[in-house]
Amino acid sequence: MRVFGLAGWSGSGKTTLLCRLIPELIGRGRTVSTIKHAHHAFDVDQPGKDSYEHRAAGATEVMIGSAARFALMHELRDAPEPTLGELLGRMASVDLVLIEGFKRDRHAKLEVYRASVGKPPLWPTDDAIVAVASDSPQPECPRPILDLDDVVGIADLVDTRAVDATALLG
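Plus 380 on top of the position in the sequence shown (first one is 1) and you've got the working numbering.
In case anyone wonders, no lab produced these hints; they're calculated from the structure. Glycine residues also receive a C-beta, built at the ideal position from the N, C-alpha and C atoms. One or more of the hints may lead you astray.
Stated by the list, open to error - No farther apart than 30 Å at their CA atoms in a straight line, the calculated lysine-lysine pairs in the DSS-like style are these:
#1 Lys416 <-> Lys499
#2 Lys416 <-> Lys429
#3 Lys416 <-> Lys483
#4 Lys499 <-> Lys483
To be verified - Simulated DEER-style distance windows between Cβ atoms:
#5 Pro517 <-> Phe450: 43 to 51 Å
#6 Ala436 <-> Gly407: 17 to 25 Å
#7 Pro462 <-> Pro522: 27 to 35 Å
#8 Leu549 <-> Thr505: 21 to 29 Å
#9 Met471 <-> Asp527: 24 to 32 Å
#10 Thr395 <-> Glu461: 18 to 26 Å
#11 Ala437 <-> Ser516: 46 to 54 Å
#12 Leu456 <-> Thr395: 19 to 27 Å
Please construct the entire structure, taking both the sequences and the accompanying hints into account.
What follows is the structure in structure tokens.
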């Protein structure tokens, strides 16, 4: 299993790019999964649903399954947030896992950068960023710069720069 990340500030277009990149990579014959880092207050469950009530009653894990999909929710309670490696270790093996967020983790990643977001680029302080996808020129950047709309070029980059997940599993 290989991994490659997309990092950038909120509003930079990471999710949009990822959703365009997934079908391109699948079209190349890859099996693809994703991991997204979320804010601590996120919840995929809804009050009033049975699964929510199971968790509220104290269940550590609740799995919901149907003919179309299943989902596992694991309550951390007072346990620390799982590392990227721990989350990867829970995933089924695929050719490629695309990681959205986890910008502080040390894995090969593409910075998605828009000057209009008003935040500084990440690449000057993160040597794990192997390239930048932007909607504007980045003349000071020593890394390859790709256009945000160049999904084929970005998929080529992912194919060549994705790394073995074993190093992250630790």
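Now for the hints, and whether the structure bears them out:
{"no.": "1", "hint": "Lys416 <-> Lys499", "in the structure": "holds (21 Å)"}
{"no.": "2", "hint": "Lys416 <-> Lys429", "in the structure": "holds (24 Å)"}
{"no.": "3", "hint": "Lys416 <-> Lys483", "in the structure": "holds (11 Å)"}
{"no.": "4", "hint": "Lys499 <-> Lys483", "in the structure": "holds (14 Å)"}
{"no.": "5", "hint": "Pro517 <-> Phe450: 43 to 51 Å", "in the structure": "holds (45 Å)"}
{"no.": "6", "hint": "Ala436 <-> Gly407: 17 to 25 Å", "in the structure": "violated (42 Å)"}
{"no.": "7", "hint": "Pro462 <-> Pro522: 27 to 35 Å", "in the structure": "holds (34 Å)"}
{"no.": "8", "hint": "Leu549 <-> Thr505: 21 to 29 Å", "in the structure": "holds (25 Å)"}
{"no.": "9", "hint": "Met471 <-> Asp527: 24 to 32 Å", "in the structure": "holds (30 Å)"}
{"no.": "10", "hint": "Thr395 <-> Glu461: 18 to 26 Å", "in the structure": "holds (21 Å)"}
{"no.": "11", "hint": "Ala437 <-> Ser516: 46 to 54 Å", "in the structure": "holds (51 Å)"}
{"no.": "12", "hint": "Leu456 <-> Thr395: 19 to 27 Å", "in the structure": "holds (24 Å)"}
The structure is inconsistent with hint 6 alone, although it conforms to all the rest.
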